[in-house]
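There are 2 protein chains.
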Amino acid sequence: MRAGVYDSGVGGLTVVKSLIQHKLFDEIIYFGDTARVPYGIKDKNTITRYSLEALEFFKNFDIDIMIAACNSVSAYAIDELKANAPFKVSGVIKPGVLALKNKIPNREAKILILGTNATINSGKYERLLNTHGYQNIESLAPSLFVPVVEEGLFNGKVLETVMRHYFEGITQPDAIILGCTHFPLISKEIQKFFPKAVLIHSGEAVVEFLEDAFGITETHENTQMKFFASENPDKLKEVAKRWLKD
Amino acid sequence: MRAGVYDSGVGGLTVVKSLIQHKLFDEIIYFGDTARVPYGIKDKNTITRYSLEALEFFKNFDIDIMIAACNSVSAYAIDELKANAPFKVSGVIKPGVLALKNKIPNREAKILILGTNATINSGKYERLLNTHGYQNIESLAPSLFVPVVEEGLFNGKVLETVMRHYFEGITQPDAIILGCTHFPLISKEIQKFFPKAVLIHSGEAVVEFLEDAFGITETHENTQMKFFASENPDKLKEVAKRWLKD
Chain A
1 MRAGVYDSGV GGLTVVKSLI QHKLFDEIIY FGDTARVPYG IKDKNTITRY
51 SLEALEFFKN FDIDIMIAAC NSVSAYAIDE LKANAPFKVS GVIKPGVLAL
101 KNKIPNREAK ILILGTNATI NSGKYERLLN THGYQNIESL APSLFVPVVE
151 EGLFNGKVLE TVMRHYFEGI TQPDAIILGC THFPLISKEI QKFFPKAVLI
201 HSGEAVVEFL EDAFGITETH ENTQMKFFAS ENPDKLKEVA KRWLKD
Chain V
1 MRAGVYDSGV GGLTVVKSLI QHKLFDEIIY FGDTARVPYG IKDKNTITRY
51 SLEALEFFKN FDIDIMIAAC NSVSAYAIDE LKANAPFKVS GVIKPGVLAL
101 KNKIPNREAK ILILGTNATI NSGKYERLLN THGYQNIESL APSLFVPVVE
151 EGLFNGKVLE TVMRHYFEGI TQPDAIILGC THFPLISKEI QKFFPKAVLI
201 HSGEAVVEFL EDAFGITETH ENTQMKFFAS ENPDKLKEVA KRWLKD
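Going line by line, the protein sequences match chains A and V. Residue numbers for the first sequence follow the numbering used here, beginning at 1 and rising by one. Residue numbers for the second sequence follow the numbering used here, beginning at 1 and rising by one.
Hint data in this document are derived by calculation from the structure and do not stem from the laboratory. Worth double-checking, as some hints may not be accurate.
One copy or two, it doesn't matter: identical chains are merged, so the pair holds either way.
In silico lysine-lysine, BS3-like type, Cα no more than 27 angstroms apart, as pairs [to be verified]:
| # | residue 1 | residue 2 |
| --- | --- | --- |
| 1 | Lys44 | Lys241 |
| 2 | Lys245 | Lys44 |
| 3 | Lys23 | Lys245 |
| 4 | Lys241 | Lys23 |
From just these sequences and the hints, can you work out the full model?
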């Protein structure tokens with residue numbers, strides 16, 4: 001089994017980490033659009049155009065499934081990808097909602113969705129949660145989280161002040177959807193603000209989803225990795241080495 | 001006289017503001033590459049490629065001069081622009097250094113350069129300052145300033161904490177080069193940290209430079225503006241209305 005994982009930059013590596021840990025694939029081809037990162041501040045047309053270009057890239061490889069690890073892509077371009085792909089396609093939004101459903105059966109529960117502006121503005125998580133009976137939903141786009149994580153500030157004063165800026169006035173949720181691939185990297189700090197909340201991580205959600213929806217199971221011994229980036233692939237490889245080293 | 005002003009996004013409007021105030025042009029064509037913003041995290045090849053595409057765009061207009069308001073473009077792509085343009089080209093780095101020279105003749109003065117990663121890594125300000133005899137130079141890339149400004153946080157706790165993060169341990173400079181079009185929007189707060197420093201603003205520097213180097217003088221009554229963006233031009237126009245309203 002061979003997967004293509006697509007992200008706007010390095011963030012999708014948090015999803016790759018889960019795929020490797022669960023040994024779902026013989027090979028993963030990773031493409032990060034580092035020359036045009038970040039996607040979360042861009043609009044539907046731009047994100048769709050970039051996503052269809054990434055699809056063309058993956059057509060050069062004999063992959064079984066393309067995984068759009070980027071929530072902004074899943075929010076705006078997943079239908080276009082599915083309509084044009086000669087292989088299976090999975091985003092992260094449907095997997096996230098299904099994972100939440102498994103963990104939080106109570107439909108009265110308060111759900112906090114955290115995502116980029118693109119993801120939140122799309123309203124896609126919210127609509128899908130509504131479909132599954134959840135109504136008590138709050139959506140938040142803490143735009144500075146991505147640059148703070150990119151700056152390597154996974155804890156400390158800057159992150160704390162930025163978190164307080166966005167989280168002030170938010171009542172304790174029962175579950176939080178980490179609707180951006182960067183957010184798992186600061187999940188410990190998010191948990192400190194909301195100690196009672198169950199956190200939904202795209203990587204873990206996708207692993208569950210691939211098994212349930214596509215029957216892709218934990219059978220492969222070692223995952224071979226190939227990295228591609230639209231600029232500076234060496235930097236991507238270096239980050240990958242650091243994040244994936246366990 | 002007609003100018004084309006090029007920036008990665010909306011930041012170049014701080015330069016446009018100076019051009020309008022000094023009435024240098026009958027018409028300004030503004031192009032913001034909002035679909036691929038920000039440039040400051042990207043590398044030389046990518047920035048050069050995007051800049052040459054912008055040049056092609058400006059060839060559609062009968063302009064007298066193209067002004068690369070973006071410091072990252074000035075840092076990496078100005079020679080390529082000059083080599084390929086059928087009109088005059090100005091960046092902001094040389095103007096910035098010449099403006100500093102006028103204001104701070106003392107070559108022992110301590111100069112602090114603030115810029116994006118691209119601008120700082122290029123070393124272009126530093127080399128040009130050395131050429132003019134300045135040796136006491138410190139360079140800093142406060143990467144979070146741009147996203148904080150984009151988030152509209154021109155003052156308050158988040159900006160203050162972020163500033164302290166980068167400025168702690170920096171000794172008082174005699175002059176600060178605001179080497180990114182976003183930084184004039186938080187110049188008051190920067191001045192609070194370094195009350196004795198003279199701030200060099202790209203917009204004002206370019207106005208001086210256009211007069212000295214190209215003989216473009218304050219003669220035009222009203223400047224007509226035309227705005228173009230690679231995504232969401234309406235958002236650009238709205239920001240322009242707000243920033244340029246005086």
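Hints versus structure:
no., hint, verdict
1, Lys44 <-> Lys241, "between (32 angstroms within a copy, 24 angstroms between copies)"
2, Lys245 <-> Lys44, "neither (34 angstroms within a copy, 29 angstroms between copies)"
3, Lys23 <-> Lys245, "within (15 angstroms within a copy, 58 angstroms between copies)"
4, Lys241 <-> Lys23, "within (17 angstroms within a copy, 53 angstroms between copies)"
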